[in-house]
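Q: Sequence:
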Amino acid sequence: MHGGVYTLFILTHNPEGKEESAQKKKEIRMVYAWIIVVAIFVAYGHYDRVHGTNNSNVIWRRLQEEENCNFYEGSWVRDESYPLYDSLACPNIDYQFDCLKYGRQDQNYLKYRWQPNNCDLPRFVIFYSKLRGKQIMFVGDSIGHDQWQSLVCLLHASAPESAVIQSDSEHASFHNFTIPGYGISVIFMRQQYLVDIDYEDKIGRVLKLDSIKNGELWKKMDILVFNTWFWWNRNDSGKPWDYIQNGDKIVKDMDRIEAFKLGLTTWVNWVNAEINPNKNKVFYQGITPSHWKGGEWNEPQVKNCSLETEPLSGSSYPSGLPPQVFIMEDILNKITKPFHLLNITTLSQLRKDAHPSIYNAHRTMDCLHWCVAGLPDTWNLLMYATLITDDN
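Taking full-length UniProt numbering, the leading residue of the sequence shown gets 1, the next gets one more, and so forth.
Simulated from the structure, these hints should not be mistaken for lab results. Keep in mind that the hints are not guaranteed to be accurate.
[Claimed, not checked] Dumping the calculated EDC-like pairs for lysine to aspartate or glutamate here, alpha-carbon to alpha-carbon at most 16 Å:
1. Lys252 / Glu274
2. Lys213 / Glu274
3. Lys239 / Asp253
4. Lys249 / Glu200
5. Lys202 / Asp236
6. Lys252 / Asp330
7. Lys334 / Asp253
8. Lys111 / Asp86
9. Lys239 / Asp255
10. Lys249 / Asp198
11. Lys220 / Glu274
12. Lys337 / Asp236
13. Lys111 / Glu161
14. Lys261 / Glu329
15. Lys111 / Glu80
16. Lys249 / Asp210
17. Lys219 / Glu274
18. Lys252 / Glu329
19. Lys261 / Asp198
20. Lys279 / Glu216
[Claimed, not checked] Label pairs and their in silico Cβ distance ranges:
21. Asp255 / Pro300: 25 to 33 Å
22. Asp330 / Asp222: 24 to 32 Å
23. Gly314 / Lys293: 15 to 23 Å
24. Gly183 / Asp330: 17 to 25 Å
25. Gly294 / Arg363: 35 to 43 Å
26. Ala361 / Lys134: 27 to 35 Å
27. Asn108 / Gly294: 17 to 25 Å
28. Asp330 / Val251: 17 to 25 Å
29. Pro300 / Thr386: 15 to 23 Å
Backbone N, C-alpha and C define an ideal beta-carbon position, used for all residues, glycine too.
The whole structure should be built from the sequences, with the hints applied where relevant.
A: Here you go:
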């Protein structure tokens with residue numbers, strides 16, 4: 001039965017025009033009272049279904065009732081209640097993601113909600129009940145930062161007294177979002193390769209494919225979200241290393257796919273050896289796409305994402321998954337501890353409209369990162385739904 005206003009009419013008929021007894025009138029009043037109670041529950045159930053609930057057990061039972069509930073198979077539908085927050089009211093959005101601030105006029109990209117095929121993705125309800133007294137850390141590159149920034153804005157919308165504190169360590173840059181009174185910290189740690197980069201005398205910066213020094217810090221977190229990919233193929237002067245080391249062998253460069261495999265395998269081995277499932281929940285953010293070549297979505301005349309204002313329809317991307325996804329999945333399959341893959345590649349491929357384009361501080365074309373508010377909010381909704389189902 002679908003939502004709506006359900007009205008039940010009970011007609012009473014007295015063909016002889018006789019007065020009803022006091023007892024009969026009392027019975028009729030009781031019937032009407034029960035009708036009102038039932039109507040309230042039905043209406044509330046419809047409202048709750050459409051607008052969301054903060055009861056994770058209710059959400060979990062609903063998801064159990066849905067057959068073949070795969071959050072990652074679906075399509076984008078327009079929803080006028082979106083976005084989930086006003087990005088202009090969210091402080092400290094990175095210049096790469098703050099599309100409205102830097103002049104994006106069309107706002108269609110803010111109006112789309114991910115709709116799984118066979119179930120409903122629960123609306124975002126404040127994470128406080130899930131995160132009270134906890135620490136959640138994102139570790140990775142600027143795409144991980146994108147998701148961290150989204151979660152900061154989602155939380156800040158209901159806790160404007162919260163604050164962002166930035167600090168640095170020997171191996172990484174930290175951004176720490178705190179919510180006073182709740183004991184919650186949401187941290188971003190920039191470590192693009194997950195493995196270490198160390199400075200060595202005489203040769204300079206060395207990317208160490210078999211070394212993870214920040215693992216002791218990671219183990220202190222309650223929820224961990226990792227990602228890596230894009231920096232492995234970076235060849236320009238902006239790459240943050242001069243040499244690559246694996247074991248005792250140091251080289252000036254090597255096949256980047258092989259380096260990625262070795263580095264990600266080191267991380268997988270760390271998870272298997274160090275993660276305590278009773279303490280740590282581990283997520284891995286799937287590889288997200290860029291939209292530089294219109295031929296990938298059957299528009300070969302399109303050269304970038306600059307004029308894109310609508311998502312692709314349907315549930316699949318014309319050119320399919322990029323090959324690095326299969327490499328990633330093959331390595332992640334070696335994880336023996338419980339973990340969750342945020343399998344966001346396809347749903348993100350459909351959002352050619354959701355990139356900053358030129359609407360960033362430097363006015364450079366950006367078809368790699370994502371606007372905040374925007375697509376990364378859905379990644380956090382998926383993480384939220386996973387936490388609910390996992391806890392129950």
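Q: Next step is simple, just say for each hint if it's right about the structure.
A: Status of each hint after checking the structure:
no., hint, in the structure
1, Lys252 / Glu274, "violated, 31 Å"
2, Lys213 / Glu274, "holds, 12 Å"
3, Lys239 / Asp253, "holds, 12 Å"
4, Lys249 / Glu200, "holds, 14 Å"
5, Lys202 / Asp236, "violated, 22 Å"
6, Lys252 / Asp330, "violated, 27 Å"
7, Lys334 / Asp253, "violated, 26 Å"
8, Lys111 / Asp86, "holds, 12 Å"
9, Lys239 / Asp255, "holds, 15 Å"
10, Lys249 / Asp198, "holds, 15 Å"
11, Lys220 / Glu274, "holds, 11 Å"
12, Lys337 / Asp236, "violated, 37 Å"
13, Lys111 / Glu161, "violated, 27 Å"
14, Lys261 / Glu329, "holds, 11 Å"
15, Lys111 / Glu80, "holds, 6 Å"
16, Lys249 / Asp210, "holds, 11 Å"
17, Lys219 / Glu274, "holds, 7 Å"
18, Lys252 / Glu329, "violated, 28 Å"
19, Lys261 / Asp198, "violated, 20 Å"
20, Lys279 / Glu216, "holds, 13 Å"
21, Asp255 / Pro300: 25 to 33 Å, "holds, 30 Å"
22, Asp330 / Asp222: 24 to 32 Å, "holds, 29 Å"
23, Gly314 / Lys293: 15 to 23 Å, "holds, 19 Å"
24, Gly183 / Asp330: 17 to 25 Å, "violated, 39 Å"
25, Gly294 / Arg363: 35 to 43 Å, "violated, 21 Å"
26, Ala361 / Lys134: 27 to 35 Å, "holds, 33 Å"
27, Asn108 / Gly294: 17 to 25 Å, "holds, 18 Å"
28, Asp330 / Val251: 17 to 25 Å, "holds, 24 Å"
29, Pro300 / Thr386: 15 to 23 Å, "violated, 37 Å"
Of the numbered hints listed earlier, those contradicted by the structure are 1, 5, 6, 7, 12, 13, 18, 19, 24, 25 and 29.
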